[in-house]
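Trainee: Going by my numbering, the sequence shown opens with residue 199, and the numbers climb by one from there.
Hints were generated in silico from the structure; no laboratory data involved.
Quick reminder that beta carbons are idealized off the backbone N, C-alpha and C, glycines included.
A portion of the hints provided could be inaccurate.
In silico DSS-like links for lysine-lysine, alpha-carbon gap of 25 Å or less [claimed, not checked]:
{"no.": "1", "residue 1": "Lys286", "residue 2": "Lys390"}
{"no.": "2", "residue 1": "Lys420", "residue 2": "Lys265"}
{"no.": "3", "residue 1": "Lys314", "residue 2": "Lys278"}
{"no.": "4", "residue 1": "Lys286", "residue 2": "Lys314"}
{"no.": "5", "residue 1": "Lys278", "residue 2": "Lys265"}
{"no.": "6", "residue 1": "Lys435", "residue 2": "Lys265"}
{"no.": "7", "residue 1": "Lys278", "residue 2": "Lys349"}
{"no.": "8", "residue 1": "Lys314", "residue 2": "Lys437"}
{"no.": "9", "residue 1": "Lys314", "residue 2": "Lys349"}
{"no.": "10", "residue 1": "Lys376", "residue 2": "Lys435"}
{"no.": "11", "residue 1": "Lys274", "residue 2": "Lys393"}
{"no.": "12", "residue 1": "Lys376", "residue 2": "Lys274"}
{"no.": "13", "residue 1": "Lys265", "residue 2": "Lys314"}
{"no.": "14", "residue 1": "Lys435", "residue 2": "Lys314"}
{"no.": "15", "residue 1": "Lys437", "residue 2": "Lys349"}
{"no.": "16", "residue 1": "Lys376", "residue 2": "Lys349"}
{"no.": "17", "residue 1": "Lys420", "residue 2": "Lys392"}
{"no.": "18", "residue 1": "Lys285", "residue 2": "Lys390"}
{"no.": "19", "residue 1": "Lys393", "residue 2": "Lys265"}
{"no.": "20", "residue 1": "Lys285", "residue 2": "Lys265"}
{"no.": "21", "residue 1": "Lys420", "residue 2": "Lys390"}
{"no.": "22", "residue 1": "Lys285", "residue 2": "Lys314"}
{"no.": "23", "residue 1": "Lys265", "residue 2": "Lys286"}
{"no.": "24", "residue 1": "Lys393", "residue 2": "Lys420"}
{"no.": "25", "residue 1": "Lys437", "residue 2": "Lys265"}
The following label-pair restraints were derived from C-beta to C-beta distances [to be verified]:
{"no.": "26", "residue 1": "Ser283", "residue 2": "Gly440", "range": "34 to 44 Å"}
{"no.": "27", "residue 1": "Val406", "residue 2": "Asp374", "range": "33 to 43 Å"}
{"no.": "28", "residue 1": "Pro397", "residue 2": "Lys278", "range": "37 to 47 Å"}
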Amino acid sequence: MESFFKKTDLYFFLVVTLSWLAPSICLAHFGVLLPSDDIVEGNESHQITLSCQFMHPFEQGFMELEKPMSFAMFVKGENKDLFNSLKKQSVDGCTTWVGTADLERPGDHIFYFVPKPYWEPAEDCYIQHFTKVVVNAFGLEEGWDQPVGLKTEIIPLTRPYGLWTGNIFVGQVLVDGKPAPDSEIEIEFYNKDKKVEAPAGPYITQVVHTDSQGIFSYAMPKEGWWGFAALNEASEKMKHEGREVAVELGAVLWIHVADMR
Numbered sequence: 199m200e201s202f203f204k205k206t207d208l209y210f211f212l213v214v215t216l217s218w219l220a221p222s223i224c225l226a227h228f229g230v231l232l233p234s235d236d237i238v239e240g241n242e243s244h245q246i247t248l249s250c251q252f253m254h255p256f257e258q259g260f261m262e263l264e265k266p267m268s269f270a271m272f273v274k275g276e277n278k279d280l281f282n283s284l285k286k287q288s289v290d291g292c293t294t295w296v297g298t299a300d301l302e303r304p305g306d307h308i309f310y311f312v313p314k315p316y317w318e319p320a321e322d323c324y325i326q327h328f329t330k331v332v333v334n335a336f337g338l339e340e341g342w343d344q345p346v347g348l349k350t351e352i353i354p355l356t357r358p359y360g361l362w363t364g365n366i367f368v369g370q371v372l373v374d375g376k377p378a379p380d381s382e383i384e385i386e387f388y389n390k391d392k393k394v395e396a397p398a399g400p401y402i403t404q405v406v407h408t409d410s411q412g413i414f415s416y417a418m419p420k421e422g423w424w425g426f427a428a429l430n431e432a433s434e435k436m437k438h439e440g441r442e443v444a445v446e447l448g449a450v451l452w453i454h455v456a457d458m459r
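Generate the whole structure from the sequences, applying the supplied hints.
Mentor: Okay, here's the thing in structure tokens:
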């Protein structure tokens with residue numbers, strides 16, 4: 199009888215432990231690129247800062263981010279390299295990066311960074327998230343729907359700034375410049391200071407799929423920053439410890455919504 203209770207206790211312990219571990223295993227990874235301002239008004243040059251992170255946005259679980267392979271802005275059809283502006287920082291013991299950019303002319307500025315592929319043992323694959331955010335400058339709303347030319351990216355079909363809470367955002371996912379049908383889109387709220395508590399695990403990451411033209415839509419229910427990560431498997435494999443493994447490509451776009459007051 200004593201042996202039975204010991205086995206039962208052990209079984210209960212394992213079930214409880216695994217139930218606690220499961221959510222952390224399933225948390226979505228996101229490249230994060232947040233600007234100090236998403237809309238800049240006036241008529242004088244303005245410097246903004248941009249934070250590059252790799253994390254679980256809703257749970258605010260930071261992960262190590264090696265220095266990105268590239269960090270740049272795309273404005274009026276031209277790329278401007280911002281790599282040398284990156285400065286290393288640490289958040290919760292994990293490396294993040296902060297860059298700066300001078301906005302000197304009107305129009306939409308598309309900022310992006312390309313990280314080195316990250317090995318995720320829990321998923322037995324590499325992860326690489328091509329991450330973008332759009333900043334509008336000096337009143338000219340032009341350029342926000344232009345592709346940058348990344349391996350994979352989300353093209354906004356809804357203007358990605360000046361949005362109210364509850365507005366519907368529509369985007370199109372491209373892989374190698376072509377629409378990506380039936381792509382899974384993971385969506386998370388950047389839950390700064392963990393002010394929002396999810397009633398259950400599925401509330402943390404919202405999920406939608408693209409249609410046959412790579413188009414998806416979602417209505418943001420709360421003020422703040424929202425990340426959209428369109429996931430696809432790369433056609434090429436990478437080597438890890440002598441064997442070929444899959445590479446998860448993430449097209450990530452961050453947008454901000456505000457409450458009407």
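Trainee: Could you run down the list of hints and mark each one as holding or not?
Mentor: Comparing the hints with the structure gives:
no. : hint                        : result
1   : Lys286 / Lys390             : holds (20 Å)
2   : Lys420 / Lys265             : violated (31 Å)
3   : Lys314 / Lys278             : holds (20 Å)
4   : Lys286 / Lys314             : holds (15 Å)
5   : Lys278 / Lys265             : holds (18 Å)
6   : Lys435 / Lys265             : holds (22 Å)
7   : Lys278 / Lys349             : holds (18 Å)
8   : Lys314 / Lys437             : holds (14 Å)
9   : Lys314 / Lys349             : holds (13 Å)
10  : Lys376 / Lys435             : holds (20 Å)
11  : Lys274 / Lys393             : violated (38 Å)
12  : Lys376 / Lys274             : holds (22 Å)
13  : Lys265 / Lys314             : holds (8 Å)
14  : Lys435 / Lys314             : holds (15 Å)
15  : Lys437 / Lys349             : holds (19 Å)
16  : Lys376 / Lys349             : holds (10 Å)
17  : Lys420 / Lys392             : holds (14 Å)
18  : Lys285 / Lys390             : holds (22 Å)
19  : Lys393 / Lys265             : violated (29 Å)
20  : Lys285 / Lys265             : holds (9 Å)
21  : Lys420 / Lys390             : holds (13 Å)
22  : Lys285 / Lys314             : holds (17 Å)
23  : Lys265 / Lys286             : holds (8 Å)
24  : Lys393 / Lys420             : holds (12 Å)
25  : Lys437 / Lys265             : holds (21 Å)
26  : Ser283 / Gly440: 34 to 44 Å : holds (38 Å)
27  : Val406 / Asp374: 33 to 43 Å : violated (22 Å)
28  : Pro397 / Lys278: 37 to 47 Å : holds (44 Å)
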